[in-house]
Amino acid sequence: MAYTNLTLMEEFILLGFSEYPNIQGFLFVVFLFIYISILLGNGFIILITNVESMDPNLQTPMYFFLSHFSFLEICYTSVTLPRMLSNLLTQKRNISFLSCAIQLCFFLILGGTECFLLAVMAYDRYVAICMPLNYPVIMNSKTCIQLVVGSWISAIPVQIAETYQIFSLHFCGSNKLNHFFCDAPPLLKLACGDISINELYSYAGAILFAIPFLLILVSYIKIITTIQKLPSAMGRQKAFSTCSSHLMVVGLFFGSGMISYFLPKSKKSSGIDKILSLIYSTVTPVFNPLIYSLRNKDVILALKKYILNYFKTFSLAL
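If you're matching positions, the sequence shown starts at 81 in our numbering and goes up one per residue.
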C-alpha cells in the first residue's frame, strides 16, 4: 500500500491564488516586497544587536534572544515565500512529493522553534522585572546559549515524526492542495481512508507546542502582578513598554496558529485556512522588526547613530 501511495501521488499542485488569474503579477510584487522587507528588517536587527560598536546597550540577553528570533524569522519565511513567488511568477504550481515533505518538515520545525524561543523571551522579561537583582546571575551567557540551543533543537524529533506520519497516509484522490505551501491541515484534507490517528497525532503535537504558550501566559501573569506593585508610575510604564512588543508578537503568532491547527475541519473553510496561514507565516514575520524597533528606544537610538555614522563616513569619503 505504501508503494502504491508513492506511485499514485508523485506531486501536488499548490493552487494558492489560482482563483485570481488577473492579479498574479500584482500579488508577485506584493509578496516580493514583503519578503524583501522581512530580510532587510530582521537583518537590520541582527546587525545592530551583534555589532558592539553600534550600541553597547544592545549587548544584553534580551537583544541576544531578539537577534536569534530575527534570524529564525528569516529562515521561517524562506521555507515558503520563495516557492510562493516562483509559483506566482511562472504559474507552475506543482511540487514533488519529496519536496512537499521537506517543506512541511522544515516549516513545522521552525514554527516549533519560534514557540519555544518566544517562551524563552518571556522568561527573560520575567527574570528582569520580577528578580532584577538576580538577573545578571540567572541570565548569564552560558544560560542564554543553552536556552537558545534548546529552543532550536527541541522541536526537531516531534516534527520529523509528525511529518512522517502525514506522508505515510494514502493520497489516492486529488493532488490539488488548496493552499500556498505544504501545511498539515490542507494535506490531511487530501488524505483518503481513516486519518483519525494522524489527526490525534497532529493535535498531540499542537498541544505539546501549546506548553510554551502556557509558560508565556504564566510569566506575564507574574510580570503584570509585579508591575502593579511598583510605586512609580514611570517605572510601571517603562516595564509595560518592554513587554508590550513581545506580547503583540505572541498574540499574532499563537492566535492564528492555534485557530488553524485546533479548530475542527467542519468549522473551517479553505479561505479561512489561507488567511490564518498568511498571518502566522508571513504577516507576523514582516511586522516583528517594526514592532520591536519602533517601540524600542534603544533600537531607535542605535538606528540614528548608525545613520549619522554612515553619513559622516560618506561625507569624509567625498
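In case anyone wonders, no lab produced these hints; they're calculated from the structure.
Among the hints, a few may not be true.
Unchecked claim - Now the in silico label distances, taken between C-beta atoms and shown as ranges:
1) Gln226 - Lys309: 29 to 37 Å
2) Ile182 - Tyr215: 38 to 46 Å
3) Thr305 - Gly105: 49 to 57 Å
What the hints assert, rightly or not - List of simulated lysine-lysine pairs, BS3-like, C-alpha gap at most 30 Å:
4) Lys269 - Lys377
5) Lys256 - Lys377
6) Lys377 - Lys309
7) Lys302 - Lys354
8) Lys354 - Lys172
9) Lys269 - Lys256
10) Lys354 - Lys222
11) Lys302 - Lys222
12) Lys172 - Lys309
13) Lys302 - Lys172
By construction, the Cβ of each residue, glycine as well, lies at the ideal position given by its N, Cα and C atoms.
Hint-by-hint comparison with the structure:
Range check, glutamine 226 to lysine 309: Cβ separation about 31 Å, and the 29 to 37 Å hint holds. About 41 Å separates the C-beta atoms of isoleucine 182 and tyrosine 215, a value consistent with the hinted range of 38 to 46 Å. Roughly 52 Å separates the CB atoms of threonine 305 and glycine 105, a value that falls within the hinted 49 to 57 Å. A distance of roughly 46 Å separates the Cα atoms of lysine 269 and lysine 377; the hinted pair therefore is violated under the 30 Å criterion.
With a C-alpha separation of about 48 Å, the suggested pair lysine 256 and lysine 377 falls outside the 30 Å cut-off, and the hint is violated. Annotation: proposed proximity of lysine 377 to lysine 309 holds, straight-line Cα distance about 24 Å (limit 30 Å). Proposed proximity of lysine 302 and lysine 354 is contradicted: the alpha carbons are some 35 Å apart, above 30 Å. With a CA separation close to 19 Å, the supplied pair lysine 354 and lysine 172 stays within the 30 Å bound.
For a cut-off of 30 Å, the pair hint linking lysine 269 to lysine 256 stands: about 10 Å separates their Cα positions. For the proposed pair lysine 354 and lysine 222, the alpha carbon gap of about 40 Å is over 30 Å, so the pair is violated. Between lysine 302 and lysine 222 the CA atoms are separated by roughly 25 Å; this keeps the pair inside 30 Å, and the hint holds. Distance hint between lysine 172 and lysine 309 is unfulfilled; the C-alpha atoms sit about 59 Å from each other, more than 30 Å.
Pair hint lysine 302 plus lysine 172 does not hold up; C-alpha atoms about 51 Å apart against a cutoff of 30 Å.
Checked against the numbered hints given earlier, this structure breaks hints 4, 5, 7, 10, 12 and 13; the rest are met.
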